[in-house]
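Peer 1: Sequence:
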Amino acid sequence: MLYEERYTTLKLPTSRAEEWCSRRDAALRPLVWIGMSLLCKFDVPDTLGCDEQTLENWLTLIEANYHVDNTYHNSTHASDVLQATSYFLNQERLKQLMDPLDIAACLIAAVVHDVDHPGKNSAFLCNTENELAILYNDLSVLESHHAAVSFKYTFSDDRVNIYKGCKRFS
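Going by the UniProt record's numbering, the first residue of the sequence shown is number 1, and it counts up by one from there.
By construction, these hints were calculated from the structure, which means they are not laboratory data. It is possible that part of the hints are untrue.
[Claimed, not checked] Quick list of in silico lysine to aspartate or glutamate cross-link-like pairs, EDC-like style, CA-CA up to 16 angstroms:
(1) K95 <-> D43
(2) K164 <-> E52
(3) K164 <-> D46
(4) K167 <-> D46
(5) K120 <-> D69
(6) K164 <-> E56
(7) K120 <-> D138
(8) K120 <-> E143
(9) K41 <-> E56
(10) K41 <-> D102
(11) K152 <-> D116
(12) K41 <-> D99
(13) K120 <-> E131
(14) K164 <-> D51
(15) K41 <-> D51
(16) K41 <-> E52
The model shown is predicted, which means the values in this text are computed figures rather than measured ones.
Build the full structure now, drawing on both the sequences and the hints.
Peer 2: As structure tokens, this is what we get:
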């Protein structure tokens, strides 16, 4: 499917769609491209009170912290998980149960769920007394790390802080 057809299917605003379709690096940055497509489709910027540029900056930062040399837990994997999450969120039963903030939370979790993954599992990190295992006391080591670094990166700069417009965080 061509980029233009994808944007038509996803019903993104035309100006943003044209800008994104013209980018040659869309295939090299799958999480940014798919993230912008799907998070805008689900009105995440409106839900969070952030603009699309902040969302794009955030996705770029998060994608940069998925390790390209990691053969599985990389930004392509995160893009796959985001797409699968959006599929389930489009099911009628879930649409009836979830409000926009629930949907935004699910999509954001899909984006960051493996950010900064070291390429080894939690058991390996614990058994080798890795600094992450020590930091998180051998409990949900990678899950804690992914959550912590995603908030660290997000709050590091207003240009990437997708939560800056939320009442809870303002």
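Peer 1: Next step is simple, just say for each hint if it's right about the structure.
Peer 2: Now for the hints, and whether the structure bears them out:
no., hint, result
1, K95 <-> D43, "14 angstroms, holds"
2, K164 <-> E52, "13 angstroms, holds"
3, K164 <-> D46, "12 angstroms, holds"
4, K167 <-> D46, "13 angstroms, holds"
5, K120 <-> D69, "13 angstroms, holds"
6, K164 <-> E56, "14 angstroms, holds"
7, K120 <-> D138, "14 angstroms, holds"
8, K120 <-> E143, "13 angstroms, holds"
9, K41 <-> E56, "14 angstroms, holds"
10, K41 <-> D102, "15 angstroms, holds"
11, K152 <-> D116, "12 angstroms, holds"
12, K41 <-> D99, "15 angstroms, holds"
13, K120 <-> E131, "13 angstroms, holds"
14, K164 <-> D51, "10 angstroms, holds"
15, K41 <-> D51, "14 angstroms, holds"
16, K41 <-> E52, "12 angstroms, holds"
The structure agrees with every numbered hint stated previously.
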